[in-house]
Amino acid sequence: MTLKMKKIRREQRKKINALNRLSGMFKANGSSRIISITKGYAIIGKTC
Amino acid sequence: MGKLVSFDKLDKTNTPTKIILDTNFILNLTNRFTNHPTNRNITDCSNFTKSLVYANTEIFIPDVVVNEFCCQVFTTILLEYRKKNNLTKHILNIHRDNPRIIRPGHEKISKAIKDLDLIRSKKKLLENGEGVRNKALKLMRKYDLLPSDAYISAIAIVNQINNIATLDVPLTKSLLKEEINIYTPFTEINLS
Numbered sequence: 001m002t003l004k005m006k007k008i009r010r011e012q013r014k015k016i017n018a019l020n021r022l023s024g025m026f027k028a029n030g031s032s033r034i035i036s037i038t039k040g041y042a043i044i045g046k047t048c
Numbered sequence: 049m050g051k052l053v054s055f056d057k058l059d060k061t062n063t064p065t066k067i068i069l070d071t072n073f074i075l076n077l078t079n080r081f082t083n084h085p086t087n088r089n090i091t092d093c094s095n096f097t098k099s100l101v102y103a104n105t106e107i108f109i110p111d112v113v114v115n116e117f118c119c120q121v122f123t124t125i126l127l128e129y130r131k132k133n134n135l136t137k138h139i140l141n142i143h144r145d146n147p148r149i150i151r152p153g154h155e156k157i158s159k160a161i162k163d164l165d166l167i168r169s170k171k172k173l174l175e176n177g178e179g180v181r182n183k184a185l186k187l188m189r190k191y192d193l194l195p196s197d198a199y200i201s202a203i204a205i206v207n208q209i210n211n212i213a214t215l216d217v218p219l220t221k222s223l224l225k226e227e228i229n230i231y232t233p234f235t236e237i238n239l240s
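If you read the protein sequences in the order shown, they are chains A and B. Just so we're aligned: 11 in my numbering is position 11 of the first sequence, and the numbers increase by one with no gaps anywhere. In my numbering, each residue's number is its place in the second sequence (first place is 1) plus 48.
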């Protein structure tokens, strides 16, 4: 892995950690390229 | 017409290079801070954003969205206070009578903004001025949009970022007509 790639990965990890902190989903899988979803969504409206 | 892309259909061919995140998307993403009542899309919004990070997509969060996020944090605190104290008056009146109630929200907002700043692009969006305002007013009238939705749409159009992640169905219908691509967790939307 080149230094440039290492830097990019490091930045990505920082962002993934930030996302986990925001959502409180520390055990979420952050490595899959194509996401998986669960079925059964609700229509969400604005609350403020 | 813009394209409607469900989160589970995201692949190399349709991953955006730039995207704007709408308010309800952010409210799900920041659920730890907002305790938003309709939060069943947290996993999808979080995983979708992770996919964007791995694809090096430039993520933009307009200030109008940050404004609505702050509003939700304070709303949650005021609602909890009202419930805890068995009050019936409107939360705005509760705040008017004792503004200090919302103080716990400041720390939450600071923490959340710090992390949102890590994921969003360092590039500046053009978010105000006559051009954005006039476009927003035009969209508000054309599609009967609420002001925040109209501004988010106008910001996307003026900045030529033709991709928005949203969970708002009425907004989705309007934006598709404006050639904006929509990314959403909903697999089926009646666009008629």
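Be careful, since some hints might not be right.
Unchecked claim - Listed below are the simulated EDC-like cross-link pairs for lysine to aspartate or glutamate, each with C-alpha atoms no more than 16 angstroms apart in a straight line:
no.	chain 1	residue 1	chain 2	residue 2
1	B	K57	A	E11
2	B	K66	B	E128
3	B	K137	A	E11
4	B	K221	B	D192
5	B	K170	B	E106
6	B	K183	B	E226
7	B	K190	B	E226
8	A	K14	B	D165
9	B	K190	B	E227
None of these hints come from the bench; they were simulated from the model.
Tested hints:
Restraint check for K57 of chain B and E11 of chain A: not satisfied, since their Cα atoms lie roughly 26 angstroms apart, outside the 16 angstroms limit. Between K66 of chain B and E128 of chain B the CA atoms are separated by roughly 37 angstroms; this puts the pair beyond 16 angstroms, and the hint is violated. Using a Cα cut-off of 16 angstroms, the hinted pair K137 of chain B and E11 of chain A is violated, with the two alpha carbons roughly 47 angstroms apart. Annotation: proposed proximity of K221 of chain B to D192 of chain B holds, straight-line Cα distance about 12 angstroms (limit 16 angstroms).
Using a Cα cut-off of 16 angstroms, the hinted pair K170 of chain B and E106 of chain B holds, with the two alpha carbons roughly 9 angstroms apart. Simply put, K183 of chain B and E226 of chain B have alpha-carbon atoms about 12 angstroms apart, close enough for the 16 angstroms limit, and the pair holds. A distance of roughly 11 angstroms separates the Cα atoms of K190 of chain B and E226 of chain B; the hinted pair therefore holds under the 16 angstroms criterion. At most 16 angstroms may separate the alpha-carbon atoms for a hinted pair to count; K14 of chain A and D165 of chain B meet this at roughly 11 angstroms.
In summary, the hint linking K190 of chain B to E227 of chain B is supported, as the alpha carbons are separated by about 15 angstroms, within the 16 angstroms threshold.
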